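Chains as they are written, first to last, in this note's numbering: chain A, 96 to 254; chain B, 96 to 254; chain C, 120 to 510; chain D, 120 to 510.
No lab work stands behind these hints: they were computed from the structure. For clarity, every value in this text was computed on a predicted model and none was experimentally measured. There's no promise every hint is true.
To be verified - Simulated restraints, written as ranges between beta carbons of each label pair:
1) D:Q493 x A:E117: 51 to 57 angstroms
2) A:G191 x D:K121: 27 to 33 angstroms
3) A:A97 x D:E395: 29 to 35 angstroms
4) B:M104 x C:K279: 27 to 33 angstroms
5) D:N178 x C:N478: 39 to 45 angstroms
6) B:G114 x C:E482: 33 to 39 angstroms
7) A:A224 x C:R335: 38 to 44 angstroms
Positions of the beta carbon are idealized from the N, C-alpha and C atoms, including for glycine.
What follows is the residue order along each chain.
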Amino acid sequence: MALYNNTVMEHFMNPRNVGEIENPDGKGIYGSPVCGDMMQITLSVDENEIITDAKFKTFGCGSAIASSSMATELIKGMSVEKALELSNDKIVEELGGLPAVKIHCSVLAEHAIKNAIYDYAQTHGRKYAGLEGYNPDAEHHDDCEGSEEGGCQGCGNGK
Amino acid sequence: MALYNNTVMEHFMNPRNVGEIENPDGKGIYGSPVCGDMMQITLSVDENEIITDAKFKTFGCGSAIASSSMATELIKGMSVEKALELSNDKIVEELGGLPAVKIHCSVLAEHAIKNAIYDYAQTHGRKYAGLEGYNPDAEHHDDCEGSEEGGCQGCGNGK
Amino acid sequence: MKNVYLDYSATTPVKEQVVNEMIPYFTEYFGNPSSLYTPGLEAKEGLITARNRVAELINSRPEEIYFTSCGTESDNWVLEAVAEALENKGNHIITSKIEHHAILHTCQHLEKFGFEVTYLDVDSEGFVRPEELESAIKDTTILVSIMMVNNEIGTIQPIKELAKIAHNQGILFHTDAVQAIGNMPVDVKDLDVDFMSMSAHKIYGPKGVGALYKRRGIQIPSFIHGGAQEKKKRAGTENTAGIVGFGKASELARMNLHSHMNHSSKIRNMMWERIEKEIPDIILNGPKDFSKRHPGNLNIAISYIEGESVLLMLDFNGICVSTGSACSSETLGTSHVLNAIGVPVTKANGAIRITVGDNTTEEDVDYVVDNLKQVVAKLRELSPVNGEKGW
Amino acid sequence: MKNVYLDYSATTPVKEQVVNEMIPYFTEYFGNPSSLYTPGLEAKEGLITARNRVAELINSRPEEIYFTSCGTESDNWVLEAVAEALENKGNHIITSKIEHHAILHTCQHLEKFGFEVTYLDVDSEGFVRPEELESAIKDTTILVSIMMVNNEIGTIQPIKELAKIAHNQGILFHTDAVQAIGNMPVDVKDLDVDFMSMSAHKIYGPKGVGALYKRRGIQIPSFIHGGAQEKKKRAGTENTAGIVGFGKASELARMNLHSHMNHSSKIRNMMWERIEKEIPDIILNGPKDFSKRHPGNLNIAISYIEGESVLLMLDFNGICVSTGSACSSETLGTSHVLNAIGVPVTKANGAIRITVGDNTTEEDVDYVVDNLKQVVAKLRELSPVNGEKGW
Ligand SMILES: Cc1ncc(COP(=O)(O)O)c(C=O)c1O
Ligand SMILES: Cc1ncc(COP(=O)(O)O)c(C=O)c1O
Chain A
96 MALYNNTVME HFMNPRNVGE IENPDGKGIY GSPVCGDMMQ ITLSVDENEI ITDAKFKTFG
156 CGSAIASSSM ATELIKGMSV EKALELSNDK IVEELGGLPA VKIHCSVLAE HAIKNAIYDY
216 AQTHGRKYAG LEGYNPDAEH HDDCEGSEEG GCQGCGNGK
Chain B
96 MALYNNTVME HFMNPRNVGE IENPDGKGIY GSPVCGDMMQ ITLSVDENEI ITDAKFKTFG
156 CGSAIASSSM ATELIKGMSV EKALELSNDK IVEELGGLPA VKIHCSVLAE HAIKNAIYDY
216 AQTHGRKYAG LEGYNPDAEH HDDCEGSEEG GCQGCGNGK
Chain C
120 MKNVYLDYSA TTPVKEQVVN EMIPYFTEYF GNPSSLYTPG LEAKEGLITA RNRVAELINS
180 RPEEIYFTSC GTESDNWVLE AVAEALENKG NHIITSKIEH HAILHTCQHL EKFGFEVTYL
240 DVDSEGFVRP EELESAIKDT TILVSIMMVN NEIGTIQPIK ELAKIAHNQG ILFHTDAVQA
300 IGNMPVDVKD LDVDFMSMSA HKIYGPKGVG ALYKRRGIQI PSFIHGGAQE KKKRAGTENT
360 AGIVGFGKAS ELARMNLHSH MNHSSKIRNM MWERIEKEIP DIILNGPKDF SKRHPGNLNI
420 AISYIEGESV LLMLDFNGIC VSTGSACSSE TLGTSHVLNA IGVPVTKANG AIRITVGDNT
480 TEEDVDYVVD NLKQVVAKLR ELSPVNGEKG W
Chain D
120 MKNVYLDYSA TTPVKEQVVN EMIPYFTEYF GNPSSLYTPG LEAKEGLITA RNRVAELINS
180 RPEEIYFTSC GTESDNWVLE AVAEALENKG NHIITSKIEH HAILHTCQHL EKFGFEVTYL
240 DVDSEGFVRP EELESAIKDT TILVSIMMVN NEIGTIQPIK ELAKIAHNQG ILFHTDAVQA
300 IGNMPVDVKD LDVDFMSMSA HKIYGPKGVG ALYKRRGIQI PSFIHGGAQE KKKRAGTENT
360 AGIVGFGKAS ELARMNLHSH MNHSSKIRNM MWERIEKEIP DIILNGPKDF SKRHPGNLNI
420 AISYIEGESV LLMLDFNGIC VSTGSACSSE TLGTSHVLNA IGVPVTKANG AIRITVGDNT
480 TEEDVDYVVD NLKQVVAKLR ELSPVNGEKG W
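With the sequences and hints as input, model every part of the structure.
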């Protein structure tokens, strides 16, 4: 028994795409250290609207880091349009599952990517159906403060 | 560790003076099966008011039986006058001690002896200072119903 | 000297297989099950296996099992928690006169706080009469708690029927199954009970571990508050080794249920046959129909003598039985159970309980009955009371 | 791979000598301690020895020790029982903001039933200010409960002084000493406390056993009702083996107290010296004066990274620490203790607790610090936040 499966552990211990692209075409940040997790995604997008590179930096627990790693792997080579369709469920599935209390980490990754694409769309004058009505700043604080699952949980010393 | 010490166990397993003297000079009963212990003492007393024989029958727990055995041993050969002075403390002492919740068993023996002597005094027209104001029927039911220690306690199957 | 333990309803030895599964949890898998690192997760895995095994024994879901520190705690928890949760709905609880003190004393505690408790009478064999339960129910009734198997006289209650009566009126039903599990088939789905108390040390597991079955969907408050253990319902660092032992004992109890029942009842019946035939002036307390009785239980009132002295003399010969008269060595007074079924105090004072179990053999039967005969004869000789004197 | 367990405040492995004393109570001395025959008395004797040993550790009388199922139960018992017993005198309880959840959640439970609780602030190192206790006392105050040693940051409270303040106003004083016993001299007579909670699994004994010290002469109601165990104060068949284990662990804790304290603090100090020197941007939470701190405790806020990922990466290398942020794997949210001493949430999210114990060696220090340095560096590289960005 382990907290995370092997795929998650592998992405946590050896995360892909760590870092920050210089002069990115899109940059998204989601979450905050106050809430216990925060992700930054930077993208390179070519003229055909294909994501040619993606990098992340994440403050958070094991599953937040693994979700970032997996998410950036998944969107590399995708069209922006397709990347917008990437759901947290898909990230969880590719990771082979996450503990119930950690599902929000995959949501975080989905949002960070959306935010990066939103930035790309804003700075490059693109419009996507998937971004209609999307507010990059809206939701995280609700997740964080409202719900019980608002932060990456730690292993307690309340013992 | 044992419930009772060796002396008590020895008197319980091999009680002295078991039985009932035929045509006794004195006979006393104390306690009742309702209360969980009952003792009967029969005495032979000679013309010098010396207790030449004493026998008991006891319904009760281990310490009640041991107390009866020890008490009859102690009074055999004693003058009636002396026997009236036999306290439960002395019985306990001679037994080498009883558990706190079992002390009342020694009281029972003291009373049963007093009752037998009372009977002897009545039937033989004797008067003793130690019997002044003594009522053979008075106290036991109070002990039994009034106090928490009113019966010989058993080992529970309330488990 | 022979050692013949005949008090399996008081407690059981822990089976070797059970101890062997427990030991690594003291030294190797010693982590706190709430910890996220490997030694913590190993400990947690032990809890998961144990929960599955207990659930399987009673046909519940694993998530319906909450581990506690003993059967007594489970009993206290249900009563106090339902009282707290449903206070606004009503203040009336129904139980029986022959429940374990864990139920009765908790009820008395609740009575001090304004709860009203009906203690149902039982018949001369200890059975609750369903129609009496039915007519005891009021608008204010919030809980019915009836034990599955009585610990003194072995009576097996018609729990399914009683639970149905409660549920027909929308009332929660709890059963104390401490003496039942492992000794008869227990299926919470079929019985349709809402809560059920269990204890490990009656089924060859360790002392100091119990469980409460709580039907999925029913919400009750915690009894012990603190950390988030047991889905936030029972705080306190888990007794990992003990729980693992309870799990293993449950698995064995499930696998061995029928052979255990057959073995126990066979030995018990042999013993009763000889006792009934060879010892005069005795009465069997509890159900005469042995199919409605705990398979290992005998409760015998022996006229003219007192239970503790029987116990002691038998103990001198290596035989362990308990008296039928008191709750424990620290309490005095005769049995509330024998009293409730109408056994006169004089006879209750001479009652002993014999409960046989997995280690009792056919040879033990002869050793025990031979000894018992002698002890009874000896004590009757010592006794000032007898049949002629009208007692 | 090396295994370095550094979470002794979460739980400890059971010492071999302790396990060895326990085992016979599962199989050989398995009797119910309430039973009057020999196997019951043997079990009871185990309880007596254990009670003596626990009493000796804290300088109480044996009859002032009541065994429970855990430290949490002891905490619950005191609060609920004093509330019940003194309800007529008053409804006000004083505790601190940094108590264990066993205290805090029980207080919250009491608040639902009309009790008023004052949660005292603590200073930046976690100390309760005696003058604040003094001024929090009202006419209606019935109990003060302040923990002896904090489980997260190791702060040792001035219990003797605090108890005196309570007693000067005729108010009962309880202390949760779960983290204290075995880690510092604890003398209930000298401290003059009325109640004290303890737990076996923090002093190399088994999980699922605790005790409450109750000063002789003070009457409180039971918390768990039923049989007559523990002088009728705590019902339920006694966890004999567990209690025997607690007794042995207490004896060892008493005999080894000074070597244990010296060893722990030496290793802890070595570790802190290297960490402080070699890892930038960290803060030590809790007392800087190590003489007022649990001898094995370090609590470090590591800037820019999150605690669980530190824990996981260390676990990958066989090192067990806990985070400073949450109560248990089932609870979320940052530490109420770090919050109370003013650590900002961002820093609290990156806190880890290291507690060393008897099996920690000097070589472990190097292995751990080398690993921690690497892990911190790696995670900081992964992190979007850093000093320049103002966090
Ligand atoms: C200070 C403190 N109090 C109480 C407890 C609870 O003890 P237990 O785990 O035995 O319930 C703990 C540890 O978990 C603790 O550290
Ligand atoms: C019917 C019944 N209920 C409850 C209990 C209490 O269980 P425990 O000893 O685990 O507290 C017992 C046995 O002691 C019992 O026989």
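Checked against the structure, which of the hints given earlier come out wrong? Hints 1, 4 are the ones this structure does not satisfy, whereas the remaining hints hold.
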